[in-house]
Amino acid sequence: MQEFVYERPGTVAEAVAALRAGDARALAGGTDLVPQLREGRRTAGRVVDLKHVPELTAIAALPDGGVSIGAAATATAVARHAEIARRYPAIGLSAQLIGGVQVQNRASLGGNICNAAPSADGVPALICLGARAVVAGPEGRREMAVEEMFAGPGRTCLAAGELLVAIRLPAAEAGSAACYLRFTPRREMDIAVAGSGVWLRLGGDGAIADARVVLASVAPTPIRAPSAERKLVGGRPARALFEEAGRLAANDARPISDTRGSADYRRTLVAVLTARALADCCRQLEVEGADR
Amino acid sequence: MATDGAQAGAAAPLKVLGRRLARVDARERVTGEARYPADLALPGMVHARMLRSPHAHARIRRIDTTRAEALKGVLAVVTAADFPELPVGTMIPMGETGYDMWMVAELNMARRKVCWVGQPVAAVAAVDVHVAEAALALIEVDYDLLPAVLDIEAALADGAPVLHEHVLTKGVEPRPKTPSNLCSRTVIGRGDTQAALGQARAKARASVRIDTAHQGYLEPQVVVAEVDANGFATVWASTQGQFTAELMIASMLGLPASKLKVVPLEVGGGFGGKIAIHGEAVAVRLAQRCRRPVKIVLSRDEVLQGGSGPAAAAMIDIEVGAGEDGRLVAIDGTYRMDAGGLPGLSPSLVMQASAALYQCPNLNLVGYDVVTNKPRTEAYRGPGGIQAAFAMEQAMDMLCERLGMDPLEFRKRNASVTGSTMPIGTPFPSIGLTTILDRVAEHSCWRDPLVKGNFPRGRGLALGYWRGTSMTSAGHITIAGDGRPMVTMGPVDISGTRTTMAQVVAEEFGLALEDVHIHTGDSKSVGYSDGAAGSRVARTATAALVEASRDALSQLRKRAAEKLQCAADQLDYAGGAFRARQAGGAAISLKELMAATLTDGAVIGRGVSTKLPLGVEIGAHVCDVEVDTETGLVTVLRYTAFQDVGLALNPAAVEGQIEGSVVQGLGWALSEGFDYGPDGRLRNASLLDYRMPTALDVPKIECVIVETPVPNVPYGVRGVGEVPIVPPGAAVANAIARATGVRMTRMPMTPERVLAALQG
Amino acid sequence: MKTLIDCTVNGEERSVLADTRDTLLDLLRDRLGLTGTKEGCGNGNCGTCTVLMDGAPVNACLVLALEAPGRDIATIEGLAQGGELDPLQQALVEHNGTQCGFCTPGILISAKALLDENPRPTEAQIRHAIAGNLCRCTGYGKIVEAIAAAAAARGR
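Top line first, the protein sequences correspond to chains A, B and C.
Going by the numbering used here, the first sequence opens with residue 7, and the numbers climb by one from there.
Going by the numbering used here, the second sequence opens with residue 1036, and the numbers climb by one from there.
Going by the numbering used here, the third sequence opens with residue 311, and the numbers climb by one from there.
Treat the hints with care, as some may be off.
Said to hold, decoys possible - Each computed SDA-like pair below joins lysine to any residue, with the alpha-carbon atoms no more than 25 angstroms apart:
| no. | chain 1 | residue 1 | chain 2 | residue 2 |
| --- | --- | --- | --- | --- |
| 1 | A | K57 | C | Q400 |
| 2 | A | K57 | C | A458 |
| 3 | B | K1598 | B | A1618 |
| 4 | B | K1107 | A | K57 |
| 5 | B | K1107 | A | G143 |
| 6 | B | K1487 | B | S1465 |
| 7 | A | K57 | C | L314 |
| 8 | C | K312 | A | R52 |
| 9 | B | K1626 | A | M7 |
Stated by the list, open to error - Non-contacting residues of chain A with respect to chain B, defined by C-beta distances greater than 10 angstroms in every case (computed):
| no. | residue |
| --- | --- |
| 10 | R14 |
| 11 | A180 |
| 12 | P191 |
| 13 | R193 |
| 14 | D196 |
| 15 | V199 |
Simulated from the structure, these hints should not be mistaken for laboratory data.
Every residue, glycine too, gets a C-beta built ideally from N, C-alpha and C.
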């Protein structure tokens, strides 16, 4: 492991300044970064510990009915936050999929995003719920959709010196529900072979007014499944529709084969998980369509 | 002549044995005080790392360590050139077959050629691990790449690249004159199998493949070595056998055994993987060179990626046939075992084990030991047993289906009994298989109907047999000044044997467990004992310590007779005191006796056990599963293990062995398998992707203990720890088949493989 | 490069010189000699290095030593109070919930965190709480029983 300089900024401005120096890496929970540095999979001349910047660990309800999650807030803090549990249960449940208890006590949603693993369990539900990323940089702050943050495996669209400050969830819409399901051979301590996050909003007529389907571990980045979404919108919740959406989502997936699963198996899982997640949304909304 | 010890009165009820007592070493475990080699820090200690082959098969043309040696903080660099070359066939004693030191030397430091990714080629000692790691990058190794063979079929194909020029297949007549990757062929047979199969009313065939798996001990290999001013070396190791390690280290270094001591510390799991040395001799050589203590700690990546010996992959074909009456007429089996980069064990034990539990007139079992460019495999708990049972017990289950017979009824009809002919032709010693099967029949795990679930559910039954071994164990007991026995045992404790052996001595002395002190000796403070392997320690150490107890007690009896002024044979011994037999006779406790006679000389009882009768292990497992037919995920709902243990020295410890062993088996059955890429690199070399079960992946394992004593073994003790890993693969597979109608032919039965099988 | 780290370990304030590349696990084991916490994998996949950091179980191998200042660290060495075993330790002893012992310190720390927060956990909650701690010897059954028994004993 190579030597590095460790910095512990107290404000976002200091953090941005520290990250501007070349070869710097942001440290939140460290559950990805520390082993990467130890095993030489990433290098850093400077490690910038974000956990002492209050804004980065805060979770706060927003006046517009949304919630802001500091990028370095732990998965445990997210999972236990009452407002998140009430307004966005899928976010809290996703946070509890990241590693075991020990990892959840360190890992953050911001780290889960910025490590940019295609398998990141914290991400699909955020995209489903239309989360936006607040980014601070040398030029000031900007906002972008979480969905647009990913450039490839292990790469985000953040420029050098930019820092993910917070994730903003818009107010939950009436008649909507979200669910993220992943498949792993073990019940815990595992990486998604495939994952599917879905979000539905039902119109007054009981039909699906809007839908999002976001897939994990089946492309270089988390991806939307547009054909599945198109199929869902306008339809009435029903098992056959959900299974069809699952098949379309499987078509939208662009998986590779690796030690965790073949491309074909991943597609199969996408179909199954998508249909199951849609059924789960119906259960949350207490409408038919849930039964298998 | 008077005899001492509990068995003097043969039917005397046991007072300490057979009880659920806490481990004698439990407190240091729960407080973090138990000492493993990684916990040692000696003054001036330096740290070593090993450079490992990145290639699966290559000739080493040249190794240049100049730049590494020049790095500031580097204290010593060694390669194979720093060790004497041991020719093939340099044997050291180890059990019935011995151990070829050429292989041990190769797996510790490759010479001329590498045969798997991760094989060591050099080692560096430096002031800290960071410097040592930096130095590894400065060692230049010039490799001549060779084509690699990564599985059994490729290794046996015509024109396959040959790993070892000296390997001429054994067991084939005439012996081949050209080398190949087939190390040996073994045949066990009787009768006319082909004819019997031709006439059988029903036949079934299972052709299966099993992937390499790892023992998965949580403590990576660690060694600390120190050499004193006289050249005497001390090695603190996580080893299953301090004497075997000593023989190996001495041989690899050309060091007299009298110049070397191996101290076994706590073993953080071994399961067969810590019999051979992995770096111990290298650490001593580095310590000799830099004149400072040297520590080597393997990383988890090294443990998995070629730095230790996993279990053998296998391809096994079994065909079985039965007559109208449901009686077996023939078993035909072909066992191809993938030994990895160096020749492995003869498959003989595995072949015998898989067929032993059935009375069958016609047997034709053929086994092959094959080398491939993967890590040299080593023992893993009943080595080969789970692989063979995965084939055999599925074949038997399929035969039941063909016959329309209940699988338990089928086993009862064909079960081996005491006196049945074993596959090797000798009669079975006392066994309790039929008792086990009767217990299965009456148990709720077999009688209760399956509860309906969201997905198909099924119940599987599978049997397991393991022969185990005996070899030799020694121990001695010194009587302390307060009369308490201080026990030094030879075999290393990897399964709670300090506790059970302290119970044995307490029983023999009529004392409480707390009155006995016990520890494992290092290789210079106790008599030669073979390693802790082959389910042999509890049985053979019991024999040795019963002998040692009785030896000590007979010495004490003489002293007591003098003190009480009566004939030795007129004394009764019980509860830690000798008492003159006549009415109102005087008594003297061991404490009083030792206080009075301490300066008369030490009382040391000695005991040795060799060639003790085997304590064969037999189990039957019942498993309920649910199969998610959309994802292939198999959930084990209930699991019950029935086992004959002879006598449960400590039922809690016995259950602990069974439960842990079963869960290892379930891991291999469902999620543990090495995944090699085409370059021979392991793609899942982490505990994230090499998926050992977590607490959420397995149910509570229920144990049903049966006790059929082994004749001519003190207390009738059998082996315990190995056989429970044998049936789980087959039990799960049979349950999957009963749930879905689909047969699994590959282990582990990962969700993807199960789904593929379901989709045909 | 060495740096001075001030932190609280098992209630004691400690100042220790550490390499900047040390993990919290290295700090505890190699600098403070608290070797009860074990290293099984070095990348957060086995749980043998579990310690409490400000009361929450974390993998010490995933924490930099440099992150320790100002933190309150609790290790297995601090679990027994004044020579008296914690009820969890006592239960593990009595239920034979430790075999090779290598996972035991981590399991105890995870279980301690569980019971501190949820004094009467269900079996499923116990299994969830220790899912990040691999055990290769026991098959988990006796560990789960021991934790349940310790919870029951605490409740009395």
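Now for the hints, and whether the structure bears them out:
1. Proposed proximity of K57 (chain A) and Q400 (chain C) is contradicted: the alpha carbons are some 37 angstroms apart, above 25 angstroms.
2. A distance of roughly 35 angstroms separates the Cα atoms of K57 (chain A) and A458 (chain C); the hinted pair therefore is violated under the 25 angstroms criterion.
3. In summary, the hint linking K1598 (chain B) to A1618 (chain B) is supported, as the alpha carbons are separated by about 18 angstroms, within the 25 angstroms threshold.
4. Between K1107 (chain B) and K57 (chain A), the direct Cα distance comes to roughly 36 angstroms. Violation of the 25 angstroms bound is thereby established for this hinted pair.
5. Taken as a hint, the K1107 (chain B) and G143 (chain A) pair is broken in the structure, with Cα atoms around 41 angstroms apart against an allowance of 25 angstroms.
6. Between K1487 (chain B) and S1465 (chain B) the CA atoms are separated by roughly 41 angstroms; this puts the pair beyond 25 angstroms, and the hint is violated.
7. For the hint linking K57 (chain A) to L314 (chain C), the alpha-carbon distance of about 20 angstroms falls within 25 angstroms, and the restraint holds.
8. Between the alpha carbons of K312 (chain C) and R52 (chain A) the distance comes to roughly 15 angstroms, so the proposed pair stays at or under 25 angstroms and holds.
9. With a C-alpha separation of about 59 angstroms, the suggested pairing of K1626 (chain B) with M7 (chain A) is violated against the 25 angstroms cut-off.
10. Every Cβ of chain B is farther than 10 angstroms from the Cβ of R14 (chain A); the closest lies at roughly 23 angstroms, confirming the non-interface assignment.
11. For A180 (chain A), the shortest C-beta to C-beta distance to chain B comes to about 31 angstroms, beyond the 10 angstroms cut-off, and the non-interface label holds.
12. Residue-level check failed: P191 (chain A) sits 5 angstroms from the nearest beta carbon of chain B, not beyond 10 angstroms.
13. A beta-carbon of chain B is positioned within 10 angstroms of the beta-carbon of R193 (chain A); the least distance is around 4 angstroms.
14. With 10 angstroms as the threshold on Cβ separation, the claim that D196 (chain A) sits away from chain B is violated: the shortest Cβ distance comes to roughly 7 angstroms.
15. Listed as outside the interface, V199 (chain A) is inconsistent with that label: its C-beta sits roughly 8 angstroms from the nearest C-beta of chain B, within the 10 angstroms cut-off.
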